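*Asks:* Take a look at the letters that make up each chain.
There are 2 protein chains.
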Amino acid sequence: MKHPDALRIALVGIGKIARDQHVPTIAARPDVDLVATVSRHGTLEGVPAYHTLQEAFAAQPEIEAVALCTPPVGRHALAATALAAGRHVFLEKPPAATLAEIEDLRNVAQRAQRSLFTSWHSRCAAGVAPARAWLADKQILRAHITWKEDIRHWHPGQDWILQPGGMGVFDPGINALSIATHVLPRAFALREAELHTPENRQAPLYARLAFVDTAGVPVTAEFDFLQTGHQRWDIEVDTTQGQLLLGEGGATLHIDGQAQRLPASSEYDGLYRRFVELVRAGESEVEIAPFVHVADAFLLGARKTSAPFVW
Amino acid sequence: MKHPDALRIALVGIGKIARDQHVPTIAARPDVDLVATVSRHGTLEGVPAYHTLQEAFAAQPEIEAVALCTPPVGRHALAATALAAGRHVFLEKPPAATLAEIEDLRNVAQRAQRSLFTSWHSRCAAGVAPARAWLADKQILRAHITWKEDIRHWHPGQDWILQPGGMGVFDPGINALSIATHVLPRAFALREAELHTPENRQAPLYARLAFVDTAGVPVTAEFDFLQTGHQRWDIEVDTTQGQLLLGEGGATLHIDGQAQRLPASSEYDGLYRRFVELVRAGESEVEIAPFVHVADAFLLGARKTSAPFVW
Chain A
494 MKHPDALRIA LVGIGKIARD QHVPTIAARP DVDLVATVSR HGTLEGVPAY
544 HTLQEAFAAQ PEIEAVALCT PPVGRHALAA TALAAGRHVF LEKPPAATLA
594 EIEDLRNVAQ RAQRSLFTSW HSRCAAGVAP ARAWLADKQI LRAHITWKED
644 IRHWHPGQDW ILQPGGMGVF DPGINALSIA THVLPRAFAL REAELHTPEN
694 RQAPLYARLA FVDTAGVPVT AEFDFLQTGH QRWDIEVDTT QGQLLLGEGG
744 ATLHIDGQAQ RLPASSEYDG LYRRFVELVR AGESEVEIAP FVHVADAFLL
794 GARKTSAPFV W
Chain B
494 MKHPDALRIA LVGIGKIARD QHVPTIAARP DVDLVATVSR HGTLEGVPAY
544 HTLQEAFAAQ PEIEAVALCT PPVGRHALAA TALAAGRHVF LEKPPAATLA
594 EIEDLRNVAQ RAQRSLFTSW HSRCAAGVAP ARAWLADKQI LRAHITWKED
644 IRHWHPGQDW ILQPGGMGVF DPGINALSIA THVLPRAFAL REAELHTPEN
694 RQAPLYARLA FVDTAGVPVT AEFDFLQTGH QRWDIEVDTT QGQLLLGEGG
744 ATLHIDGQAQ RLPASSEYDG LYRRFVELVR AGESEVEIAP FVHVADAFLL
794 GARKTSAPFV W
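Those sequence lines, one after another, are chains A and B. Note that our numbering has the first sequence beginning at 494, numbered continuously upward. Note that our numbering has the second sequence beginning at 494, numbered continuously upward.
Keep in mind that the hints were calculated from the coordinates and are not lab data. All values reported here derive from a predicted model rather than from experimental measurement.
Okay, the calculated beta carbon distance ranges per label pair:
#1 E729/B - A551/A: 36 to 42 Å
#2 G539/A - R635/B: 45 to 51 Å
#3 G650/A - R679/B: 34 to 40 Å
Backbone N, C-alpha and C fix where the C-beta goes; we use that ideal spot for every residue, glycine too.
The following block holds chain A by itself, in its conformation from the complex:
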């Protein structure tokens, strides 16, 4: 059952992430009501479907907010249209295709007096808040990110990921960076990077990154999009008081090898709770740090060519 004042939302881009995460999360929350979809091809049974935002807003002026689940290239135009039409906007990660686009959306939202939310779902994983709390007063010696997954399994046929702006392995890797920028107590900056791009594609499938934080502590990362077998989404942090291991993309937490009890939690439930909170408070949350690190990697990274990729 939905509350009478549930936030009436249209879901834009009915693809894998919308079906896997947004639809069940919205269905389970009484304070959000899915009243329309906007997609070129996708539809959801029992939900009015449109091809454009304009059609949706004309037919259902009661739509208060949109959640954008389309690929990052093109997301800015949709978000700007929705904000200018007086709707609040929830952006999937990454929030746009470029930093200048995000900056523009921040300004558009401010002028329209509507809420803009740059969501980073991995930050809502169960182990993230406890990891941040544990690390806050520790002396950190080094941190290392291992993010290795199989693109063929998790993104079957999603060619946009390998096109310009699709970010390649940084599409999952930005999740790791969204956690690291949140749990590590100090900001860090890229020193060196290596990006390996298949000769027949535009985006890297493999990357090694070496950052250093403001206290000189090394933060390193290895991203691999061709990992078969055991999939790994781990962040290890060595401190003078022991080792922290955030595993499974933040879902598990070990301190010195001891599994920590974590509250039950769903990433997207946390995101929608936060979005409703922002809308009700008349506020925006625009966080670009993970995106900045990706842009820096593309800017500074050495390029290597790797074997052609075929699905």
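Since the structure of chain A is already known, use the hints to place chain B on it.
*Replies:* Chain B only, in chain A's frame:
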């Protein structure tokens, strides 16, 4: 003659830009005094020379400020060292190798209560301020940047430009972007880009960029680092009230073909005037818009491989 209260400055990185621009500009200004150089190899006759900032500060504690003319990779560490040692910092363009580094320097300068100046010399070209004033109330139809110069002539043997972080043709191109972000009345964001990189190098020598401003006006650019013969650094802006042409990197200004009288002006003189002003006022000026567009181009741009480059 120098004023008794001239700003005592150390020049760091004694290469082409230091010799061509900084040294004669400082020599000509009574309010800045060049008291030391820091460089691995370069020295200037009659000026005490050091290999590291630490040596310079230890030997000459009276140094109040440093101007960093080293390549962008590595500039952050020098700037952070100088700020932490209580010196004001003038950064050549681009201000650092990554966006995260610039953000860090902003914070370091704030904590150290010292002035940080991200200089963009092309913004001080004679035609820029008049162009900005003329465009302020015009209805713009389109803008196009043509930035074509010969790397072999202007950057002979400077291999760092073609290494990771050297930015390739964006090293001159960022000058064009520093002007465009200053004279055009609205912000713009990248929509599409193409970057051509020689197969034996890491940075592009050619780029085409398509931006759109917040009112939907197209802003396009073509950067070429292999231009022989006539060199071009032009920004053309078509408006409903005529065409503006900023030529020669901003040194000349034509409106509808009519050359405009411009005040005599030197780019670096303008920069040093501004730096002294900032130091005396206890302020910083950190402007990242041109750099953001370059990062966006590397992030979003389609990659093409071009013929090997040899000097």
